[in-house]
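Using the sequences and the hints, build the whole thing.
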Amino acid sequence: MQHYWKSLEEREHGALAEGEFPENPLQTPAGRNRRGFLKAAGFSFASAVLAGCRRAPVGKAAPNLVQPEGILPGRAVYYASTCTACPAGCGLLVKTRDGRPIKLEGNPEHPVSRGGLCAVGQASILGLYDRLRLKQPLAGGKAVTWDEADRAILARLDSLRSLPGAVRFLTGTITSPTVAWAIGQFLKGFREAQHIQYDALSSSAILDAHQRTHGVRVLPRYRFEKAEVIVSFDADFLGAWISPVEFTAGYSAARNPELTTPPLAWHAQIESRMSLTGSKADRRIIAAPDEIDGLVARLAGEIESGRPEGELARRLLAARGRSLVLSASQDPATQALVNQINHRLGNYGATIDLDQPSYQRRGNDRDAENLLREADAGKIAALFVAGANPVYDLPGGEAVRKVPLVVSFAERLDETAAIAHYVCPDRHALESWGDAEPVSGVTGILQPVIQPLGGTRQLVETLAVWAGAPRPACEIVRERWREQHPDDFENFWEATLERGFAAREPKQPQARAFVSPQPPRQNTSQAGWSLVLYPTPGMLDGRHAYNPWLHELPDPITKVTWDNYASLAPGAAGKLGITDGDVIRVAGLELPAVIQPGQHERTVAVALGYGSRLSERFAQAGPEWIEALPTLGPNGRIGWNAAPLARFENGSLRYVRAGVEPVKTGRRWELARTQDHHSLGSPRRPIIQEISPEEFATARPAGDPREELWPPDHPFTGHRWAMTVDLNACTGCSACVIACQVENNTPVVGKDEVRRKREMHWMRIDRYYSGPPEAPEVAHQPMFCQQCEHAGCETVCPVLATVHSEEGLNQQVYNRCVGTRYCANNCAYKARRFNWFEYARQDRLANLVLNPDVTVRSRGVMEKCTFCVQRIQEAKMEARRLGRAVRDGEVQTACQQSCPAGAIVFGDLNDPKSRVAQLMRSGRRYRVLEEINSRPSVGYLKVVRRRGGQRHG
Amino acid sequence: MAEPCSVLTRPLIEGGKNLAQVTGDVCAPMERRPGALWWVAFLTAFGMLAAGVAAVTYQIATGIGVWGLNNTVGWAFDITNFVFWIGIGHAGTLISAILFLLRQRWRTSVNRAAEAMTLFAVICAGIFPVIHMGRPWLAYWIFPYPNFRGPLWINFRSPLAWDAFAISTYFIISATFWYVGLIPDLATVRDRARPGLRRKIFEFFSLGWDGSCRTWHRYEKVYLLLAGLATPLVVSVHTIVSWDFATSVIPGWHATIFPPYFVAGAIFSGMAMVLTLMIVARKAAHLEDYITVRHIETMAKLVIATSGMVALAYGTEFFTAQYSGNLYERFVFLNRAAGPFAWAYWIMVGCNVGVPQLLWFRRVRTHLAAVFVISLLVNVGMWFERFVIIVTSLHRDFLPANWTSYRPTSIEIATLVGSFGLFFTCFLVFCRVLPMIAMGEVKSVLSYGHKPKEEA
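Protein chains in written order, with our numbering: chain W, 1 to 953; chain V, 1 to 456.
It is worth saying that the hints were derived from the structure and are not from the lab.
Hints are supplied without guarantee of correctness; some may be wrong.
Pair by pair, the computed Cβ-Cβ distance ranges are [claimed, not checked]:
| no. | chain 1 | residue 1 | chain 2 | residue 2 | range |
| --- | --- | --- | --- | --- | --- |
| 1 | W | Asn635 | V | Gly315 | 48 to 56 Å |
| 2 | W | Ala879 | V | Arg157 | 29 to 37 Å |
| 3 | W | Asp713 | V | Tyr323 | 26 to 34 Å |
| 4 | W | Thr698 | V | Leu152 | 49 to 57 Å |
| 5 | V | Lys221 | W | Thr855 | 34 to 42 Å |
| 6 | V | Phe143 | W | Gly666 | 55 to 63 Å |
In silico negatives: residues of chain V with every beta carbon more than 10 Å from chain W [as the list claims (entries may be wrong)]:
| no. | residue |
| --- | --- |
| 7 | Gly24 |
| 8 | Leu69 |
| 9 | Arg294 |
| 10 | Ala344 |
Footprint (simulated), chain W over chain V, 3 or more residues, beta carbon under 8 Å [said to hold, decoys possible]:
| no. | segment |
| --- | --- |
| 11 | 59-67 |
| 12 | 129-135 |
| 13 | 149-157 |
| 14 | 242-250 |
| 15 | 386-398 |
| 16 | 402-408 |
Glycine included, each C-beta is placed from N, C-alpha and C at the ideal position.
Shown next as structure tokens:
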């Protein structure tokens, strides 16, 4: 019987002499089918270990005497895995180079995410190389060994085993069947112990409502791709609501003028603040937060009676079984009404799947509230917290302090871990074995792609040790899966590791027949102010507040970075005499104001996820010089934590709070915003172009620019790379921004530099408003180097540091650049970025995430989008090796790969059959600033605007 | 002396000087110890220079980010200062070369100082293109020279490369012209100096001048040729500098009017700077008889003429923008006059178009204090002209999402101050070590008539 190591310590002291590849944890029990298994698993561990990549500085480097099988230095190896940055469970392809993961990409075959990956998911790889991640267990804040921690905790637990109801296990939504099982097993050892799940971004009311109407407490799976009419009450499903990548993919599939069979889905959004989803709506109705539930009731009445009064009911009734009504309300009664509407419209079984429900939200707010009450009353003797941070993100979460034994499994010292008596740090997902079942029937796998970078231990391993049966996580996961697939397990397991997920037999539907809900109490509108707490697509509930990429990611709507703020409607701000950056006091919280067009007059909106302890680390973010301003706020953190302003009401966590009057304090706080001007000017500049569905139906294919007097400078005889961006599909979610940053080693510059408008993102998303500020139309425009054929930058560089390639790329030669910035001045798109300081950091660990194919730029040089030239070169080399031409779709730029909406298409314009060439001929195609004849290689597809505008509800 | 009946016969040099007096008066500041006034001026200028040196050192050590620039406004104080100083540098060559060819004999009193001013201004200007680079230590890359990197050539299509040639040519020709003009006077100083180091130095630089007829003959041929060579440079340098902007696509820069507009502006600002310096210098060095009110008045007339040209250019720009129908172009000019930098625009218009109109009045023209103040304001206005062209065009260009603002940092202000410090330090040293007035040439215009210059 072989011995498998479970921790670095154990590996070092024993088991070293065993086996051919002693460090290889992929060996299957009894060595059976070992070679086949290795092949299938993709040698993830082998690459990590044998290629010699370690976190510590390498004292002596020794070449491999035998080339590890399947590993070629300089060639990327991809492993399928599952994203754990939020419970949505998108499919991942982890790109590793020489044994270290450097980029997360969406798995195009994954049935949930379908190839996209959001900004948070993309950024989560930085967490792996986080210097401040815990490396060993802590007891009372001091580092201890795992043995000491285990012994101490078990000693404390032994006395609690017979005490009824003394042990609670608090987690966020657990999508992993293995983890849920392990927690259950562990809790079996205690009397009346309970596993409680809650979500800081809760959808508990939806689950509760389905309990009432359908008898099952689950979240249904929404199928946007099947919908023709979408009515959303405040649900920011394209931004930060439950599973934005999945929803965006479905939404854009239902609204693509080229591909969708008409009619295109029509979308109405009823909301109080300007959300990303609202910015895409065909009709946006602005209503006060306390009015929205009433509007649901009114719509329910109209649907029930079958006599539509408004446009919404009329359209919904005309699209029975092809419509979708959603609400983000945390009032179970309102959610029950939504269920009733969907039921009457016949949407269950069509656009709403309850037979194969979603597990992306399983939290129960009532349980969480009870837990805090018990903790406050001193009834809990031991609390285990995993994947959650109640002290930070629950109102009244401070009650956790009263529990005599708090054990946290946090990866970092967050608020809860800081007060915990023991911290048993879990591993980063990229170091872990695991699984995730985001929706019923689809179970993703997590496989480690690197040797753990610290002395951490996976949660399931820790629980196994405490349950008295220590086993490696790999084995635990395999065991669980084997139970599901006893036949031909090894082949199934190999196939699953390769694909990244398995379609499992969905559980038998348990939903009973629809039961009409009780009509809710009619909320009377108080006509006072309301505070709305909401998550942003970049920061979500704050679990990634350690991540500088996400802090520097501009909010897709306000374009503010490195802070949260209170947004106010322009009219309301005018009345109160508040301007952007004035510090206001709302419900005891003092934070800067941002004037947000399209927001309801009586609403103040504040983002969650900020003001976290994890953001204290950014004191030194950005260059230091005499006029540099601090990145951290007066509270020593980034932003202000608004979570304590939420409250429990009727068993659900409410994010709306009535009766909060914003008060001006007279102080100011300058926000770092990447965009100061928000309209297209008057007269309107033709930068964003729109087309109506009727015009599009008769539009002629777009032609090439006019003939020129002079022969072309560049004949483009081979490839000619080009890109199209579909402005109709683009939601502004900013996944591409982070994807580009990760791919191209773009530095983080810090708040002060962003404030000075020196952000380095090669890909930015310009957001423009048009129409009245109370109810504007919104357009998002990804903007980056347009790779002009007649590039302004190329002619003016005195040292030829920017030149045109024969494949149509505008190339920047960093070595040659002397930094005159003339090219940036002469760029009509201002797509160039200058290294004002030495932005690259000497952080050995964080720098492991750098893409070795892309140069890290030093100070004083210009940089910009390269069309991911390294990916083009890789595809060309691969094609040459195989003796064939590069095929369409083989080169995917980083932004294109990540885009959940499929808005970006890249390819060879010289191949008339390529997708990009076809889209370039679309009647929707135009080029930005075509009139200055810079001849950009990027074509934009016009927004299909169905005028309906907005109105106040 | 009797009042002359015509300007043509009115003497250019007052006080009925004889040749020895001219030599004595001009050499006096060099041969006596500096006074308190000079020391105060010098220490102030040197202090400013030191601040500038500290700022530039800090900037090069830390990164160009210590300036207030951003991704949209890639140039601001740096290139503003550059164009400003290049403009200042125009008056010298204009006075010494063009006016020489045009036989404007009044120029003899001011040409030496004006040329010196030109050189110092070009030095100040030349610093900025170097320090504005992100990697100034590689500045030599913009010159074509044989190298082993390919060889890697420069981009001859880039106006910045043209700048490098234009400015270096201008500096070399101006310096040569100035030096050649200095030779007879250097010999005079040599002859007056007691044996010692000072005499040796002047002996070396006067190239064995012996004052013979043959020497004079050759000298005048060379001087005339150099004047002919320098004349096109007066036009070309600022034309090329204006191409930095005119060849770009940015609205507000992309304008065919720029070359004449810039040249006129350069002469305008150069004349104003000459006036500023001369009004002070004639007083401080007791040269009132040489630099007379008549000189001041003549230069004031040139100022008002060039002010008119500049005003015409400002108006034409607006007309072109409106007439073009180009919405970006129209916006840029509206934004200049009414946008966030409108204050800068109106300072520019006020100082460059409004204030010089006072010079139509003879009483103002001949009132030294008034001319001094006007000349200062013109310099302020011309600095702002470049600032307006550069910053207001860049800060709001095509895509509104890119629009930003600009605010200089302390480092940039210190650098600007430092460039003035350098300029005045050089000028003050010049006043002490070299004859401020071209003795040889002044002697040729003394009112008693023309005599051979054997006394020089």
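Going through the hints against the structure:
no., hint, verdict
1, Asn635/W with Gly315/V: 48 to 56 Å, "holds, 55 Å"
2, Ala879/W with Arg157/V: 29 to 37 Å, "holds, 34 Å"
3, Asp713/W with Tyr323/V: 26 to 34 Å, "holds, 31 Å"
4, Thr698/W with Leu152/V: 49 to 57 Å, "holds, 53 Å"
5, Lys221/V with Thr855/W: 34 to 42 Å, "violated, 58 Å"
6, Phe143/V with Gly666/W: 55 to 63 Å, "holds, 56 Å"
7, Gly24, "holds, 51 Å"
8, Leu69, "violated, 7 Å"
9, Arg294, "holds, 45 Å"
10, Ala344, "holds, 18 Å"
11, 59-67, "holds (count 5)"
12, 129-135, "holds (count 5)"
13, 149-157, "holds (count 5)"
14, 242-250, "holds (count 5)"
15, 386-398, "holds (count 4)"
16, 402-408, "holds (count 4)"
Taken one by one, the earlier hints fail for this structure at numbers 5 and 8, listed in ascending order.
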